[in-house]
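Asks: Residue numbers (the working numbering), protein chains in the order written: chain U, -6 to 172; chain Y, 2 to 122.
Hints are computed from structural coordinates only; laboratory data are not their basis. From a predicted model like this one, the values you see are computed outputs, not experimental measurements. Please note that the accuracy of each hint is not assured.
Subject to a maximum C-alpha distance of 20 Å in a straight line, what follows is the list of computed SDA-like cross-link-like pairs (lysine to any residue) [claimed, not checked]: (1) 25(Y) / -2(U); (2) 25(Y) / -3(U); (3) 106(Y) / 57(U); (4) 91(Y) / 72(U); (5) 106(Y) / 48(U); (6) 71(U) / 89(Y).
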Amino acid sequence: MDNIIELLRPTYSEEGKRLVVQARTLLSHSEKDLSVNTHYDELFRITHTLKGNSAMFEQPEVASISKRLEFIFDSLRKGIINLSAEIIEVTYLCLSQIEVLIDSTGALSSNQWKNQRFLISKLDAIVESKKKAIEIPLDINPNRIKRLSSAFLSIQGFFTGTLTTGIRPGYKNSLASRL
Amino acid sequence: MAKTILIVDDSESIREVVNFTLEKEGFTVLVGVDGQDAQKHLNGDKIDLIITDLHMPIMDGIEFIKVVRANDTYKMIPILFLTTESQNEKKMEAKDAGATGWIIKPFLPAKLIAAIQKVMV
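Build the full structure now, drawing on both the sequences and the hints.
Replies: Given below as structure tokens:
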């Protein structure tokens, strides 16, 4: 695995930087008019890709920032929160941090750690405020919650598998009988 | 004869990791950068398995799975999708669209191969 990762690290680095540039461009368009939300899907997809790639290429600090940004842009595209000057500012700072970290393979410098902690705390504050915005009202009928939970559990039962993969139960048998 | 796997992912890095892993195991690999692009391989190419990402521009993984399942030639092919643990909602959508199973990112090559062997008939 290490060989594959090291071999393909330049590809990861180039793609990551390209995604950061795209995100900056989209953000600058959004910044001009906070009411225009046409770029949130694209920003969500970019941060999602950055998250997946950095996890694959063993860069937990980039993944940590990207995961939070993905959550924020998902909330924006769903209309749960509105774009604010604070989100724009923090996102720009995060993109700069990602751009630096994406090329670093060793331990973070003390300044990079300081930036990382600052950005994570800023992002967490935004995420927390978003969570409050979608809290379930307390006056929901408890029977309804029970019904919803059992429906959710039965839906979950469709999938089985280990932590890393999942195959629908009986798939091979059902496929064999159809062939 | 080597089995053929179609990989559909907009991330070049992930495509390369999967491609490298599969070719090392002796599979023939076809590539699509999104659902629409991948459809070029649904015109008679031999495909034994599809591995697709979900979030992609132009045509996402869910739509692509639906396209495959609606195609008489390819509708029985096992389809695995790449996902992250946090995407339960998407997993349900992909299952409803006709996916066979999933692989969680990040993955180890051995886990990827094990998942493939589990669904290959």
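Asks: So, for every hint listed, does it hold in this structure?
Replies: Status of each hint after checking the structure:
no. : hint           : in the structure
1   : 25(Y) / -2(U)  : 14 Å, holds
2   : 25(Y) / -3(U)  : 11 Å, holds
3   : 106(Y) / 57(U) : 14 Å, holds
4   : 91(Y) / 72(U)  : 18 Å, holds
5   : 106(Y) / 48(U) : 7 Å, holds
6   : 71(U) / 89(Y)  : 17 Å, holds
The structure shown violates none of the earlier numbered hints.
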